[in-house]
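Okay, so the sequence shown: first residue is 316 according to our numbering, each after it adds one.
There could be a bad hint or two in this list.
Per label pair, the in silico range of CB-to-CB distance [stated by the list, open to error]:
#1 R439 x E356: 27 to 33 angstroms
#2 T339 x S411: 23 to 29 angstroms
#3 R353 x P407: 19 to 25 angstroms
#4 R450 x G335: 26 to 32 angstroms
#5 I454 x S411: 27 to 33 angstroms
#6 G408 x R342: 21 to 27 angstroms
Please keep in mind that the hints were generated in silico from the structure rather than gathered at the bench.
The C-beta atom is built at its ideal place from N, Cα and C for all residues, glycine as well.
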Amino acid sequence: MLISPFPSQEGRRTAYKVFGSAATAPRRARAFVRCQLRGWELADLAETAELVVSELVTNAVRATDAVVSPPVASSMFPVALRTVALRVRVAPGRRSLFIEVWDVSDREPAPRGEVGGELGESGRGLVLVGSLARRWATIRRRIGARSCGV
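Turn these sequences into a full structure, and let the hints guide you.
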């Protein structure tokens, strides 16, 4: 049985999907979001949503791979812990989205700053999320953390 790490959002336009922690997860997550937004007649939000999803899922895959080497399951979360969960939901009364990504890492993601006056080759994802989203945050869970972009 698959149990969502996200609280229920009954009555809202919500889409939820679990991806294996693999290099293909960001691409598959982007396609999922694009298709979902098209179905909700919100295709104009797809480009920005895909960028945010891509960065959050990429970070979650990296964090999950750093924490869990063999696939394991937990009695509290009976899904193999080498997974990344994604939820997209329409904000009530607005043409905006909540984009949430869950992983098992207990490390809090943080945007990397400049090194020697320049941004490094990696570590720019959350800077990009911060520029595209109204706000973003990390929410601690009993197992893992959830990064959100609004």
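Hint check results:
no., hint, result
1, R439 x E356: 27 to 33 angstroms, "32 angstroms, holds"
2, T339 x S411: 23 to 29 angstroms, "28 angstroms, holds"
3, R353 x P407: 19 to 25 angstroms, "21 angstroms, holds"
4, R450 x G335: 26 to 32 angstroms, "29 angstroms, holds"
5, I454 x S411: 27 to 33 angstroms, "18 angstroms, violated"
6, G408 x R342: 21 to 27 angstroms, "32 angstroms, violated"
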